[in-house]
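> 335 is the number that the working numbering gives to position 335 of the sequence shown; each next residue is one higher, with no gaps.
Think of the hints as simulated: they come from the structure by calculation, not from any bench. Keep in mind it's a predicted model, so treat the numbers as computed, not measured. Honestly, I wouldn't trust all of these hints.
As the list claims (entries may be wrong) - In silico DSS-like pairs for lysine-lysine, Cα to Cα no more than 30 Å straight-line:
| no. | residue 1 | residue 2 |
| --- | --- | --- |
| 1 | Lys66 | Lys113 |
| 2 | Lys113 | Lys244 |
| 3 | Lys267 | Lys244 |
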Amino acid sequence: MAIHPIEFRYGTPEMRAVWGEERRFAAIVAAEVALARAEADVGMIPAEAADAIALGAARASLDRAKAIEDEIHHDMMAIVKAIAEECGDAGRYVHFGATSNDMLDTATGIQLKAALALLEEKLRRLLGVLLRRAQETKALVAAGRTHGQIGVPTTYGLRFAIWAAEVGRHLDRLAELRPRVEVGQLTGAVGTQAALGPNAPEIQARMMTLLGLAPVEVSNQVIQRDRYAEYFFFLANVATSLDKMAIEVRSLQRTEIAEVEEAFGAKQVGSSTMPHKRNPIRSEQVSGLARIVRASVEPALQNNTLWDERDLTNSSCERVLFPEASVLCDHILRLMTVVLDGLVLHEDRIRANLHILQDVNMAESVMIALTRRGMDRQEAHEIVRVASMEARAAERPLADVLAARPTVTALVATSELEGLLDPEHYTGTAQAQVERLVERLGPRAL
Numbered sequence: 001m002a003i004h005p006i007e008f009r010y011g012t013p014e015m016r017a018v019w020g021e022e023r024r025f026a027a028i029v030a031a032e033v034a035l036a037r038a039e040a041d042v043g044m045i046p047a048e049a050a051d052a053i054a055l056g057a058a059r060a061s062l063d064r065a066k067a068i069e070d071e072i073h074h075d076m077m078a079i080v081k082a083i084a085e086e087c088g089d090a091g092r093y094v095h096f097g098a099t100s101n102d103m104l105d106t107a108t109g110i111q112l113k114a115a116l117a118l119l120e121e122k123l124r125r126l127l128g129v130l131l132r133r134a135q136e137t138k139a140l141v142a143a144g145r146t147h148g149q150i151g152v153p154t155t156y157g158l159r160f161a162i163w164a165a166e167v168g169r170h171l172d173r174l175a176e177l178r179p180r181v182e183v184g185q186l187t188g189a190v191g192t193q194a195a196l197g198p199n200a201p202e203i204q205a206r207m208m209t210l211l212g213l214a215p216v217e218v219s220n221q222v223i224q225r226d227r228y229a230e231y232f233f234f235l236a237n238v239a240t241s242l243d244k245m246a247i248e249v250r251s252l253q254r255t256e257i258a259e260v261e262e263a264f265g266a267k268q269v270g271s272s273t274m275p276h277k278r279n280p281i282r283s284e285q286v287s288g289l290a291r292i293v294r295a296s297v298e299p300a301l302q303n304n305t306l307w308d309e310r311d312l313t314n315s316s317c318e319r320v321l322f323p324e325a326s327v328l329c330d331h332i333l334r335l336m337t338v339v340l341d342g343l344v345l346h347e348d349r350i351r352a353n354l355h356i357l358q359d360v361n362m363a364e365s366v367m368i369a370l371t372r373r374g375m376d377r378q379e380a381h382e383i384v385r386v387a388s389m390e391a392r393a394a395e396r397p398l399a400d401v402l403a404a405r406p407t408v409t410a411l412v413a414t415s416e417l418e419g420l421l422d423p424e425h426y427t428g429t430a431q432a433q434v435e436r437l438v439e440r441l442g443p444r445a446l
């Protein structure tokens with residue numbers, strides 16, 4: 001019976017597979033085979049024993065390991081026994097010189113490598129969608145907002161480009177993160193490698209090369225959890241960016257604003273009681289699940305504060321943290337990509353909101369023009385501020401109020417005010433910024 005929603009409601013099949021018990025078992029088995037190969041390479045065990053272990057490991061099963069664990073109550077030793085019994089005389093060399101976390105943490109490194117590959121692919125897809133939307137809307141002028149209030153104009157293209165640049169930074173972080181988390185270890189009981197002899201560093205290096213991982217430089221019985229904490233920081237950072245995008249979609253989809261809208265299917269139901277509703281449920285799901293991903297950071301940090309050479313407090317915690325945070329982050333990354341790819345923009349509402357204040361929001365443009373023509377900047381600010389407050393109170397166009405002020409018309413002709421108060425002419429370098437970003441990040445997108 002499924003209990004956790006990532007078993008039946010959230011998550012992509014590919015990321016769930018990475019953290020499923022079958023893949024975990026396969027990663028541990030791969031680590032044991034690589035250990036035997038590396039030890040054979042340096043003459044620590046016979047080459048034919050490594051061959052036999054590789055063949056036997058292919059026959060070992062998760063079900064058999066579980067049955068053994070039910071008897072001995074040790075998950076790692078159960079896997080060792082399940083492999084060894086398939087290897088004949090060579091079974092005595094399985095797990096030779098290693099301790100449990102050499103295999104367990106190395107298996108985690110294998111899983112993290114697979115998880116980061118999936119996250120990278122999805123980040124590149126999201127980047128591609130954002131760059132396309134930025135290019136499509138680079139000249140679509142909209143009301144900018146600060147403090148929830150309408151300000152000077154921006155463009156939808158710049159909004160999408162800002163998000164794209166953030167995703168680009170996440171791809172940078174992912175690349176920087178990889179060498180620190182895609183690692184394995186073979187350091188023995190307390191990290192001294194005493195059971196492996198003088199060739200231990202070479203054995204560890206060979207083993208990790210076979211697995212496509214980097215070896216730790218130093219360790220105790222476990223890989224130090226600052227590495228894993230950084231992975232969870234990364235997931236939380238990505239989730240927070242997605243949350244930010246989702247909040248903006250939800251805000252702009254408010255009935256009173258109605259500039260954007262999540263794609264809504266012909267048979268989709270918005271409410272069980274209000275038939276007219278078209279709710280931004282995907283964006284809301286992104287925001288809700290981002291909270292869970294962020295919540296993984298604190299326990300991940302605490303997992304680094306183990307006693308002495310290690311204790312077991314991290315183990316049970318990580319069995320929950322890794323699959324849950326990874327699956328949910330991957331899920332909302334895919335979901336937000338779908339939302340933004342299909343996002344509907346209502347240009348009539350965008351235009352209406354842009355002019356809803358009768359261009360009082362363009363006051364800065366007049367202030368700048370007055371200053372450029374010789375007026376003290378602070379004086380210009382005060383004149384335009386007072387005129388703006390009057391225009392808003394009287395619900396009059398700002399151009400009419402300004403035209404009645406000689407201090408303004410002495411420097412700016414009445415005929416110029418219309419142009420200065422036209423939002424289409426006050427977007428600065430927004431379009432050029434979008435074009436530069438698309439050119440720079442385009443090669444990284446899918």
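> If a hint holds in the structure, say so; if it doesn't, say that too.
Now for the hints, and whether the structure bears them out:
| no. | hint | result |
| --- | --- | --- |
| 1 | Lys66 x Lys113 | 26 Å, holds |
| 2 | Lys113 x Lys244 | 27 Å, holds |
| 3 | Lys267 x Lys244 | 28 Å, holds |
Violated hints: none; the structure is consistent with every hint.
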